[in-house]
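> As given, the protein sequences belong to chains Y and V, one line each in that order. The first sequence lines up with residues 1 to 1469 when you count with the UniProt record's numbering. The second sequence lines up with residues 1 to 152 when you count with the UniProt record's numbering.
Derived from the structure by calculation, the hints contain no laboratory data. Fair warning: there could be bad hints in the mix.
Stated by the list, open to error - Straight-line alpha carbon distances no greater than 25 Å define the calculated PhoX-like cross-link-like pairs of lysine-lysine that follow:
#	chain 1	residue 1	chain 2	residue 2
1	Y	788	V	36
2	Y	550	V	111
3	V	51	Y	616
4	V	36	Y	550
Unchecked claim - In silico contact screen, one side only, chain V against chain Y (beta carbon under 7 Å); selected entries:
#	residue
5	23
6	34
7	42
8	43
9	45
10	46
11	52
12	71
13	73
14	75
15	137
Treat the numbers as computed from the prediction; the structure is a model and nothing was measured. Idealized CB from N, CA, C, for every residue including glycine.
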Amino acid sequence: MAQCAQSVQEFIQDSFVPMVSVLCSEDAERVTRKNNLSFPELLRPFCRLTSEGHLRDPNNQVVVVKGLRISVTGVNTRSPNSGEVRKLLSQAVSGCQPPEGLPANVITAGDYDLNISDRSVKASVPWYSDWKEMLTQLSSSKYYTATTPWFEAYRENFLQSMPASDHEFLNHYLACMLVVSSREAVPTEQFLKLSQEQHRIQHSGEYTYPKWFIPNTLKYYVLLHDISDGDEQRADSVYEDMKQRYGTQGCYLLKINSRTGAAGPDEQMPDPWSQYLQKTNIHSPYEEGVLNNVENNISSEVDGLDLSDVVSEIHPLKLEQSADPGFPGNPSKAVNSADTARTQKQGSVTPGAAPTAHGACLTLNDHDRIRQFIQEFTFRGLLPHIEKNIRQLNDQLVSRKGLSRSLFSATKKWFGGGKVPEKSIAELKNTAGLLYPPEAPELQIRKMADLCFLVQHYELAYSCYHTAKKDFLSDQAMLYAAGSLEMAAVSAFLQSGAPRPYPAHYMETAIQTYRDVCKNMVLAERCALLSAEVLKSQAKYSDAATLLIKMTSEDSDLRSALLLEQAAHCFINMRSPMVRKFAFHMILSGHRYSKAGQKRHALRCYCQAMQVYKGKGWTLAEDHINFTIGRQSFTLRQPENAVAAFRHILINDSKQTATQQSAFLREYLYVYKSLSQPSNEGSLPQLPLPCVHSAQTRVFFGHEPRLAEGEKQAATHVWLDQEFDQEQAQLWAELEEQVVAVANRGSVHISFQPTQYCLSSHTENLRYPFAVVEEPMFVEVVFRNPLKVPLVLSDLSLLWKFTTKDFSKPQGGTTGETITNEKEAAAGKATALNDIISTEVIPEFTVGLEETKVARLKLLPHKTGELHVLGIVYNLGTREEDNSASEASQLMFVRGRQDLEIQGPRLNVTKEEKTSVRHGPDRRLDPIITPPMPLLEVFFINFPTGLLCGEIRKAWVEFVNVSAVPLAGLRVASTHPEFFTFGSATADLTPVTPTAAEHCSAYKTMVTPPSDAAVTLVSPAAFGITGDNRPTVVEIPLTGGVLGPGEALQIPLWLRGPDREGVHEISFLFYYEGLEKNAKLGHRVLRHKAVICASRSLSVRATACRSNTLPGRGKRDEREEERSGSMLVFVDVENINTSEAGVREFHIVQVSSSSRQWRLHKCINPAGDKDSKLASRERGKLCFRATRCRTQEATSDALEKYTFADLNLGNEQIVSSTTPCADFFFRRGPPSEPRKGGVITVGGLLRRQSLTPANSTDDSMTSIVRKCSEVELDIIVLWKAYVVEDNKQLILEGQLHVALQTIGKEACSLSQKEEAQEMVLLKFKPDLPPPASRPSLEQLSHLIKTCLHYPESYDHPFPQKSLCMVPVTLTLSNCSLAQVDVIIDLRHKTTSPESLEVHGSFTWLGQTQYKLQLRPQEVHGLSLKACFFQAGVYNLGTPRVFAKLAQSGTMCETSQQSAMPALIIINSV
Amino acid sequence: MEICKVFFHLSVSVILSPLQNYPLYIRSVPSQSELKFHYTVHTSLDVVEEKISTAGKAMAEQRELYLGLLYPTEDYKVYGYVTNSKVKFVIVVDSSNTSLRDNEIRSMFRKLHNSFTDVMCNPFYNPGDPIQSRAMFTMVSGLKSDKCGWLV
């Protein structure tokens, strides 16, 4: 708030004071010069009178003059020209800066807490933290509570520098002091000379300046006596003489310099001059030059004033030569141009150090004497003189007008009666109005008014001004009128007692007139300053603001700036503070300040406005302010603040255009560059750009994956390119757990943690990760560029801190010292510490506009210990549009850092954690570097990407130990163990080069013509199968169990296409460990994910049914087999391959069986169909006979062994009992659930039994019944496919498995896709208990196999014999292992009348019902006789067979299948 | 919640700002002097506040929403409008444009108010966020074309 130290009244009074000139003799000057002061300067501190003075007005009223100040100046003191004034004022303003260190002045306005002194800002804005530094630099002169001292300084200087003008007399000289030293030979002569001189100056007309108030100026004779030097008595006598001559009231003896010699340094003397002279001294060009050199250099172009110009312009010597001829210079140059002479002296000796000792020869008594002198002069000399003149003028006026004696009553009559004054130059009328001659009566009134005003008789002054105003107005003398209006308003305001309301409109008219009519901005400005001050004192802030804003103009930036600032203060002082207007005008003011070269003030204004704008969403304005603050701070050599401000612009999401942003960025870089250049040593500052998403940082431990080398395809392992997938991670963790369990013989340590190679925000980062020495680690940093300008980061590298530790020693190892690469990185030598940790440097990294991009930074530790990645260090730059300015673009890089601080996940376990926000640690950037570990690399050779379902392919896999440490315990786990095999232990593992085996079959073959099945017996243990589980973990045999450093092992790998078509992801997890146990890292894993695209090949369906052939026809051994049971196996093969172009045809090469009980015996296909070729969509059927294995009961061991029977259809037999065929058989997929079918079923039944314990007999019975229909036979169909690929014919081979489990039930090679479950109705009632289990009819029907033996056709001479009897044998064989009761019923049971008709009728002869008991597996023949009556075709299949288990009750009796029709032809012969 | 809107001659700029008087929506068609308009509108909030505080006490209920001309600057006229929920709308027009009368300004404000109400009714709009409504955009554009007179 712009409040003055003085009250308004004081201020106005001080603005208009009686002027007294001084003429000094040379000797007198010399006397005062001892004190480093001229005579006017000597008096200056004592010019304010402390006591009251009195005088009488024309009406004999006593007027009290309080606190009068007079102004004493040398007679030739000239008011500076406009350029000088301007310079002077700007110095005054820049020399006056806001104070610091005093309590901040907070103004609460609405929602805003504004802090008008600048310190405040730092409290609210974090980036202003180093504001204080700036403030300490600001010089502080004087502190007024919430003031604008620079404004007051400006105002004071402005008013003092007002040139004397013709239209008013206020600053005309009223009196003249003639000063002569007592040492003069003849002082009275000297006085006379001076008096003449004064007269010459005033009346000769040679000089237009100075102006004199009244023709007969008061002359006051002062004899100056130097006590230390002169003869006191002589002085006294001279003074007596003077009193005689000039009267006691017209002369004075002033004794000074009572101190002899120089003042002791210990003596403390008050120095009242410093306050005044300091200010004037600032004006001296030298000092100011020193003070403001910095600013001027920077802003010379803004100032428009070169320093040298300034010096030459104001230089005192030059001044004399080019002096205005209007000034009285030459005659008394040496004496009376004291001010300038002194500065000259000072300037030549020691600039700036001079103004130390003022009044060195003066004691306090001398001070009192001077004070006494001034008082004497004023009260005895000046005031009576004024009084006399007022009276004179009054009389003159009254008499001249010849009207009433009373001025007051006469005023009205003068109105309109003004005569037209003589015009000296007629042309002037339009502009400055008229020029009155000095004796014009209108001017006399004005003169009188001014006199009254000076002696504080405001009432009279007002009425005189008022009168004069009317006169001038009627004369159209606008300049004079405006002056009178102005003064009338001021004196109206100053009237004490019951004042009339302040006539603001007078002022407005005055300002307008000055400005528009007279084009005199200086006067208008004075007027505005006065008026604004008055208005403010009356709390008319908005009027004051309007007035001030109106006064801003283009011609003076400094004035505009000051006035706008004052207006802004007015806004905030209003009853409801207008904060935003304040801010806006502060910005305008700041702008003008900066144009005027007042950088500090500009900065201050912007900072104050910032308080209003910041954080309110007015981004454009905020950016603008920040930008300006940045610039100004920079030019004021406060780069830290500049950087902070620019940083602020860049950090926020800017709405600026791209060009604007790039300008901001360039500016920032430039400022930053200049800031960081000197301090290369210190720690690097944080850069604001680009934004780093710390939380998204990922860390990867291990080598970068190699690309495939030709046929060699490296294991995919883990790499940063892979997205994190929760399911995958889970899957790998499970696999790892499995393999660890196997490696540790079934147990997993409690603290088992899956190995993590890639740490991201998705992984759990509570533990310190492990990295292995001499293995790289990558840190992936996510950068985002918020700007529309591309950013270029160069020399990008990581910052780290490292503590060496030797883990090989017991108990944690020894801790070494901590090393960091911060300094080296700051100096740009990021590779300096490469013997400890190699740091990769990315030479250039571009982030496009508004782009998010990742950078991968590599570290390679060479020692064990604890590593902490601290952040990144880089050069920030921007892409220059033109490449021509390469040097310039080089400059536009700055080096800085950004820290990577990752906050862990929020904790939410304990209550405390739940109620507060706490975050756990995140250690992903703090790895522990462990001693060396083996490192495995796996390569796949000839690894296919696409396979037919069931296709067998041989590939090679290579294991390489790339570390310097031996590797052991290599294992692999997979999600799809049926997909691959390394071959059985029995298989020949001698590595054959992959090329040699390229075109050979994957199978082991023998040349044999198709014949009966070749049989082999194989134990599953030989294929690594133990128990019933498929092995998920396979141990890979290493020679000697160890893979030495650098060694490689290549082994074959067979693959079988998945049974189901589609894309399959197959995960391999290779597990390995070091020879010696590492405490930190037990094992390591390597991941591989293969993607196989399986396409359809063949679909195989198989059914088994009981053969109905009777034993006895074939050979004996066959019969033997028959006895033990035989089956027919039908195999339907369909080519379901869809790619007709690729696969030409399939050949079924061989069908093998594998079972513990059954084997394929013989192919009973119709002859001639030997090569079963299947073109696209073709279907073929094969039929086989299967028999029970003979060796079944031979040894108990054999039960566990599988019999492989091969039936080749071509000339080559594939030995299915060896690798890889058998491997894949044993590893075949999921449909193997009832491997030990019966047992499992029984188990299931037993469980059911517990639910329904009613009929235990049923269950045992069921099992028996079941078993007899059970078959456990796996068919392996081996095929070859002829494929054309790239005009080359390839032969692919493969195998498909079908598991036959039940007689009569079809099994398929393709596991049926489970149909998506239809929506199931919700059941609210519990299910009914399952019905008592009993063998189903179907199952029972398999108990007994029946077969009718009869001649197909029978000739019978019916004419001869009407009855034809045919013998028929009914063979019954018991399939079960239990005794079965059988009832055969031959009676016709005609179910329908049609059947009678069709079949005709025949009868069974003899016994119509038989009851038999069959022992297990017994075959029983029953001879029957059928009797026919006529020729025809008959169906003999009418006997109904009922079977039941012997032990069980009759209830389960059921009819056996009535089989197929058994037709007999009876011919009549 | 307080909202301001600003319109300019040729160019329409709309600001809406809630309680803290931050802008919700600004639109000005000659975008080159956008910074200046920011300052102008921001400053005009002082006057809006003043008008509300003086008029508000007397008749809070039947207060006229339209505040009228806030103040004329050299180049622009600034009009204000405050809803009952203290949402402020500000329109700035070129002062050289004489074809715009008080009634037209008033109807423009009413349209703006309606449009703003629509935006507020949008369940996906989070109150206090800057408005990015296409409907609002077209409406404001439409305001210009309605008044071909002052468009040119």
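> Hint by hint, say whether it matches the structure.
Verification of the hints:
1. Y:788 x V:36: 23 Å, holds
2. Y:550 x V:111: Not OK: residue 550 of chain Y and residue 111 of chain V at ~37 Å, beyond 25 Å, violated.
3. V:51 x Y:616: Roughly 21 Å separates the two Cα atoms, so the pair holds.
4. V:36 x Y:550: 20 Å, holds
5. 23: Since chain Y brings a Cβ to about 6 Å from residue 23 of chain V, closer than 7 Å, the hint holds.
6. 34: At about 6 Å, which falls below the 7 Å cut-off, the nearest Cβ of chain Y leaves the hint on residue 34 of chain V intact, so it holds.
7. 42: 5 Å, holds
8. 43: 4 Å, holds
9. 45: Because about 5 Å separates residue 45 of chain V from the closest Cβ in chain Y, which is inside the 7 Å limit, the hint holds.
10. 46: 4 Å, holds
11. 52: 10 Å, violated
12. 71: 10 Å, violated
13. 73: Constraint on residue 73 of chain V not satisfied, violated at 11 Å.
14. 75: 15 Å, violated
15. 137: Since chain Y brings no Cβ nearer than about 16 Å to residue 137 of chain V, farther than 7 Å, the hint is violated.
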